[in-house]
Amino acid sequence: PLPGVEFACRPGEGRESLFLPARGGQVQVLRDLKLESQHYEAALSELSGLGSCLEGRDLWRCGLEDCLDFLGALQRCPAGSVQAEWPAGGRISRPRGIVSFDSLKVSAERAGAWLQVGGGVEVDGRSLMSVSKLLEAVRASKGRYVRLTEDSYAEVSEALRKRLRALSLLARDRGGKIEVPAVTAPFLQDLRQEGAGLELDRAADTLLSRVEEASRLYPKIPPELRADLRDYQAEGYRWMSRLAAWGAGACLADDMGLGKTVQAVALLLSRAREGAALVVTPASVLYNWKNELGRFAPGLRCAMLGPSDREKTVRELGPGDVLLTTYGLLAGESELLSKRTWRTAVLDEAHMIRNRGTRTSQAARSLSADFRLILTGTPVQNNLSEIWSLFEFINPGLLGSFEAFTERFITPIEVRSDPGARQTLRQIISPFVLRRTKASVLEELPQKTEITLPVELSAQERALYEKIRSEALIRAEEKETSTVDLLATLMKLRQAACSPRLVDPSLAIPSSKEEAFMGLARSLIAAGHRALVFSQFTSHLALIRGALDQAGIPCLYMDGSVRAADRASLAAEFQKGLTPLFLISLKAGGTGLNLTAADYVIHLDPWWNPSVEDQASDRAFRIGQTLPVTVYRLIAKDTVEERILELHRTKKQLSDALLEGTDAPKSLSREDILRLLGQPAEG
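Note that the numbering used here has the sequence shown beginning at 2, numbered continuously upward.
Calculated directly from the structure, the hints in this document are not laboratory data.
Any given hint could be a false lead.
Claimed, not checked - In silico DSBU-like cross-links for lysine-lysine, where the CA-CA straight-line distance does not exceed 30 Å: (1) Lys439 <-> Lys638; (2) Lys340 <-> Lys291; (3) Lys313 <-> Lys291; (4) Lys439 <-> Lys291; (5) Lys178 <-> Lys143; (6) Lys588 <-> Lys449; (7) Lys449 <-> Lys178; (8) Lys291 <-> Lys468; (9) Lys638 <-> Lys468; (10) Lys163 <-> Lys143; (11) Lys449 <-> Lys439; (12) Lys178 <-> Lys106; (13) Lys178 <-> Lys134; (14) Lys588 <-> Lys577.
What the hints assert, rightly or not - Using C-beta positions, here's what the derived DEER-type ranges look like: (15) Arg193 <-> Ala9: 44 to 54 Å; (16) Ala80 <-> Asp59: 21 to 31 Å; (17) Gly421 <-> Gly529: 21 to 31 Å; (18) Glu408 <-> Asn595: 44 to 54 Å; (19) Ser471 <-> Arg436: 45 to 55 Å.
Here the structure is a predicted model, which means the values were calculated and not measured.
Glycine included, C-beta positions come from ideal geometry on N, C-alpha and C.
Using the sequences provided together with the hints, build the complete structure.
Spelled out as structure tokens, the structure:
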């Protein structure tokens, strides 16, 4: 009750009149117990949020963050109602108020692919910390407060702290100047929209103006596109177009089967008049891209890198041209492909560049393009280092050096499971990633999506196939073969289209269809999907099973030799959800099984009768299925398999002409067989 006198009373308790030693004698002190109680209750009310620090009646034990909260609470008490005493030599001043967006003044100058950021933060009407120091303080702080001076702190609002933390993890120090990638312009734009002061040089102002204009764009679907885009696909096209408009790259990470290709084709069409485009794909889907471009955008001219004159091919490309190539050729022809600037560069199945040290990944990063787009249903398959590799292609520098990315994100997230680091990384990359799952657009989808995946045979496979075909045609022309013999030749050709070892087990020729299947299977499994795999050839399923075993991919297997009771057991085991793949011969699994745990169906080879394929697909697509089902058909290009699909479309009576229990329909005439062999019948 008397300053300078070491005597204390509990507020509102004790005697109203006290005699205390002071000024060389005694002084009578008169207390207002009621007012003391009011002040004390007001202080306790302000301190109610610090109950976890309370020890006993009047003792709070606080760490630095809680101590600053304590001082802030006392600051809110009525003026003169609370006094603070400090140990000799130690003092923390009360928090200097809250640093919010309107306290921040930022300047930015563009320097190529970077923005040099300056400015500072103002508290109590005066500048107390530069932006560089503020970013450093926010990154170092574990709570709401940042240190302004040796003994003073300020609270940073939660919204501003999140933005600054993300920006601090993107920044690099260049001789005392802070630089952030130019593609982080939306972060600066967000600061300005929240109320921060923003001073820009002409180049930086132009960049932010482009960002703002792009956000208001509503690009029209190219009228030349021969496809009706679903609502979510149209929005994907517009999203990519907006990013392209201001110079940022994009990752379209829609789930498999949602039409990433057609969205990308729409974008290629919209940018075709401005220059040539490059599309890089795995070899297994190269011709699928060619077919899709021809189907959806016949006005675009497709080119491919052949065995010769590759430099001329690349040099002569212009507006309206799209160069299709594989990841293998990208790595082998990196110098050639990086010589020119592409208007648009697209990497399909972009997880192919996820390993940053490979030649393929390095070749991709060396490409020069006005807009970079990656398509992948599985942006992260194994670890966060893959995110860095993908983003270093679409937006170089955004995530810093790999060493910095490891320190700031990989270690905190993968080693320490830091939710803050995970949230910050998501905040940084989310403007450049669009991912929709089947569940999220279920109402937009048909109940069953069917996709034909063309497979290009290797030169050795093609030679084997043509040898069988030409010998049969010669015998047919010379009338030395019967219809039964021709049917046997068809069987052999269909086997050759699947794997040379089905024709002759001693052949050591690799199977292109097996390679395409393994790539598809890995992608599906990485994305958490499960699939039924059908073939009419049990010998083909056996080869696929061996490849899966060698790759360490678990699967279940069923063919006609499995007893009925065992089939039910296998089906029940698959339904439990522990095995991603179920290999089934078409005859063994075409009917009678409920396998709704699968949301994908893969047909390794086409059956004569499409209704039999549909029955097999319906093992997954049936009552009780809650997920959309996607059906893939692997079709060897320029083989009898393509002609079987043509029969599906043009010879409807084929469905009724199936000979039960055999491998060919009853009513195939000699002329039909010759057409399947690739030679029109006479007359």
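Which of the listed hints are not met by the structure? 7
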